[in-house]
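These are the residues of each chain, in order.
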Amino acid sequence: MRPFSYQRPASADEAVAVVEPMGVAGQGGAFLAGGTTVIDLMKLHVVTPPSLTDLRGLGLDTIEEGDDGRLEVGARVTMAQAAEHPAFRDRAPVLSDALWKAASPQLRNVATLGGNVLQRTRCPYFRDNVSPCNKRDPGSGCAAIDGFNRLLAVLGTSEQCIASYAGDWANALILFDATVLTQTGDGGREIPFADLHVPPTDDPARETILADDELILGYRLTIPDWARRSVYVKARDRESYAFALASAAVALDMDGDTVREARIGLGGVATVPWRARETEEWLAGKTLDEDTALEAGRIAFDGAQGYGHNDFKIPLGRNTVAKGLLDAAGRDLTEEAQQ
Amino acid sequence: MTSPSDTSRQGGARVTRRGLLKGSAASGVAAIGSYRAEAQAADETPGGETVDVTLTINGREQAFSLDARTTLLDLLREEQDLTGTKVGCNHGQCGACTVLLDGTRINSCLTLAAMADGSEVTTIEGLGTPDELHPMQQAFIENDGFQCGYCTPGQIMSAVGLVAEGHAGDEAEIREYMSGNLCRCGAYKGIVEAIRQARDETRERMEAT
Numbered sequence: 001m002r003p004f005s006y007q008r009p010a011s012a013d014e015a016v017a018v019v020e021p022m023g024v025a026g027q028g029g030a031f032l033a034g035g036t037t038v039i040d041l042m043k044l045h046v047v048t049p050p051s052l053t054d055l056r057g058l059g060l061d062t063i064e065e066g067d068d069g070r071l072e073v074g075a076r077v078t079m080a081q082a083a084e085h086p087a088f089r090d091r092a093p094v095l096s097d098a099l100w101k102a103a104s105p106q107l108r109n110v111a112t113l114g115g116n117v118l119q120r121t122r123c124p125y126f127r128d129n130v131s132p133c134n135k136r137d138p139g140s141g142c143a144a145i146d147g148f149n150r151l152l153a154v155l156g157t158s159e160q161c162i163a164s165y166a167g168d169w170a171n172a173l174i175l176f177d178a179t180v181l182t183q184t185g186d187g188g189r190e191i192p193f194a195d196l197h198v199p200p201t202d203d204p205a206r207e208t209i210l211a212d213d214e215l216i217l218g219y220r221l222t223i224p225d226w227a228r229r230s231v232y233v234k235a236r237d238r239e240s241y242a243f244a245l246a247s248a249a250v251a252l253d254m255d256g257d258t259v260r261e262a263r264i265g266l267g268g269v270a271t272v273p274w275r276a277r278e279t280e281e282w283l284a285g286k287t288l289d290e291d292t293a294l295e296a297g298r299i300a301f302d303g304a305q306g307y308g309h310n311d312f313k314i315p316l317g318r319n320t321v322a323k324g325l326l327d328a329a330g331r332d333l334t335e336e337a338q339q
Numbered sequence: 001m002t003s004p005s006d007t008s009r010q011g012g013a014r015v016t017r018r019g020l021l022k023g024s025a026a027s028g029v030a031a032i033g034s035y036r037a038e039a040q041a042a043d044e045t046p047g048g049e050t051v052d053v054t055l056t057i058n059g060r061e062q063a064f065s066l067d068a069r070t071t072l073l074d075l076l077r078e079e080q081d082l083t084g085t086k087v088g089c090n091h092g093q094c095g096a097c098t099v100l101l102d103g104t105r106i107n108s109c110l111t112l113a114a115m116a117d118g119s120e121v122t123t124i125e126g127l128g129t130p131d132e133l134h135p136m137q138q139a140f141i142e143n144d145g146f147q148c149g150y151c152t153p154g155q156i157m158s159a160v161g162l163v164a165e166g167h168a169g170d171e172a173e174i175r176e177y178m179s180g181n182l183c184r185c186g187a188y189k190g191i192v193e194a195i196r197q198a199r200d201e202t203r204e205r206m207e208a209t
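Sequence order for the protein chains is U and D.
Quick note on numbering: the first sequence equals residues 1 to 339 in this note's numbering.
Quick note on numbering: the second sequence equals residues 1 to 209 in this note's numbering.
Just so you know, not all the hints are guaranteed correct.
Here are some chain D residues pointing at chain U (derived, C-beta under 10 Å) [to be verified]:
hint, residue
1, 95
2, 105
3, 110
4, 138
5, 165
6, 178
Now the stretches of chain D that chain U is said to cover, found in silico as 3 or more residues with beta-carbon under 8 Å [stated by the list, open to error]:
hint, stretch
7, 79-92
8, 121-133
9, 170-177
Treat the hints as calculated values from the structure; they're not laboratory data.
Everything numeric in this text was worked out from a predicted model, so none of it was measured.
Just so you know, even glycine gets a beta-carbon here, dropped at the ideal spot from N, CA and C.
Looking at chain U on its own, in the form it has when it is part of the complex (with noise of 0.2 Å):
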């Protein structure tokens, strides 16, 4: 690792008021939460931030439950105690898979929620520090697109960049229309969560909206009654531990056999957070079989781009939303209940 100053400020305020500049590229400050993807990052020399501010200080650790559904959910709640929480287990299980499927215990016992949004992509041209990359080192090029690019996205990408989001939780929060809270030196604001992310247009180094002193302090989300008929299918090359090839979060309102509402969120295959929000529409009112589910696959991936080595994770999107869809439908919510 470089070298680097390590702060730990005792408030939220403090923090915000002496983190350096984050910029982009991972070349400013950097707060840190549990540190899964930035020390690791930092020893690859990937990110070389000059300071550290620990955020253990901030509190910042709890899920508040409201009224109607509603829950303030504090960015640093790791990962674990969110895949616990009754609040994500029992009434919105997608929020709760998705975290357990991700990573490994261990990792899941220190990272934060809070980083886990942020985390950045696997691209393996990324990482190796070495080859062109425009999110890494801008103008560079992306060795990617003509490159082993089996890993990567279909949806969502450009010229110049197609590295795929490599989070889970954030496409399952993304069906729950959740806002961010952030701070900044200037004060607090509220983000829609959809918003958060910015697709590798222009300029693929920068990932989100967030200000160069900006904090995420928490999460508020509603959850429906019904979203207990919800689920994370994720499909990878070993059975755990391993990132999404393709994901597909789902939550459905039946009426019987007859859809009232979907939605949909896709991981591994785009590269942001992607919510499939035509196929969402094409659903409602449809009766819900075999026939319509691999429909809204196909719907899904309409307008989605492989590029040689990833052309497979078409196909695979398309069943992996058809399983989510047939599985939500089928989770039996009396049963579950009881549990």
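Once you've looked at the hints, dock chain D against the given chain U.
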């Protein structure tokens, strides 16, 4: 303010494999020695900030003054000579460095010592003694839960954490919740059996008290 290493853990005057290797690198094996010196110089660029850290390691509170870059893994192995905790991938992918931090299993390679300030760390050396093994250690022996043994301290610490978390249910759950520990010898079958045995013994002990 680095504490001297605990000599009793190194076996006093006994010649240990690690002691022998250390001696060779310093005196005789020039190629390895110079490589190591260069690697250290590259990674010890001037300007690294020093931080004060207090940790309770295997029940003993100690204060350190460290380069901010020091990981918990490096502190344990290099400062404390607690070399039971292994360096594997050094990137949180293999689990060989697993220790308990305030009772919770973590990857010590991805944790800065500074982040653990004020915490209690338990390593394999703090789990049992050669005369009185922890039930998980005994169970790994009885069930052939290892072959070469390199991943074993991490496996055992992870397994102790797993039982405490309450996810050591059926075989599928044990395998899912041990996925952060890789074993290149492929001793997984014995590892799962060992965890089931130790889990049942723990349960029986708790019911008896």
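Okay, the hints, checked on the actual structure:
no., hint, in the structure
1, 95, "6 Å, holds"
2, 105, "5 Å, holds"
3, 110, "5 Å, holds"
4, 138, "23 Å, violated"
5, 165, "7 Å, holds"
6, 178, "8 Å, holds"
7, 79-92, "holds (count 3)"
8, 121-133, "violated (count 0)"
9, 170-177, "holds (count 3)"
Going down the numbered hints, you'll see the structure goes against 4, 8, while the others check out.
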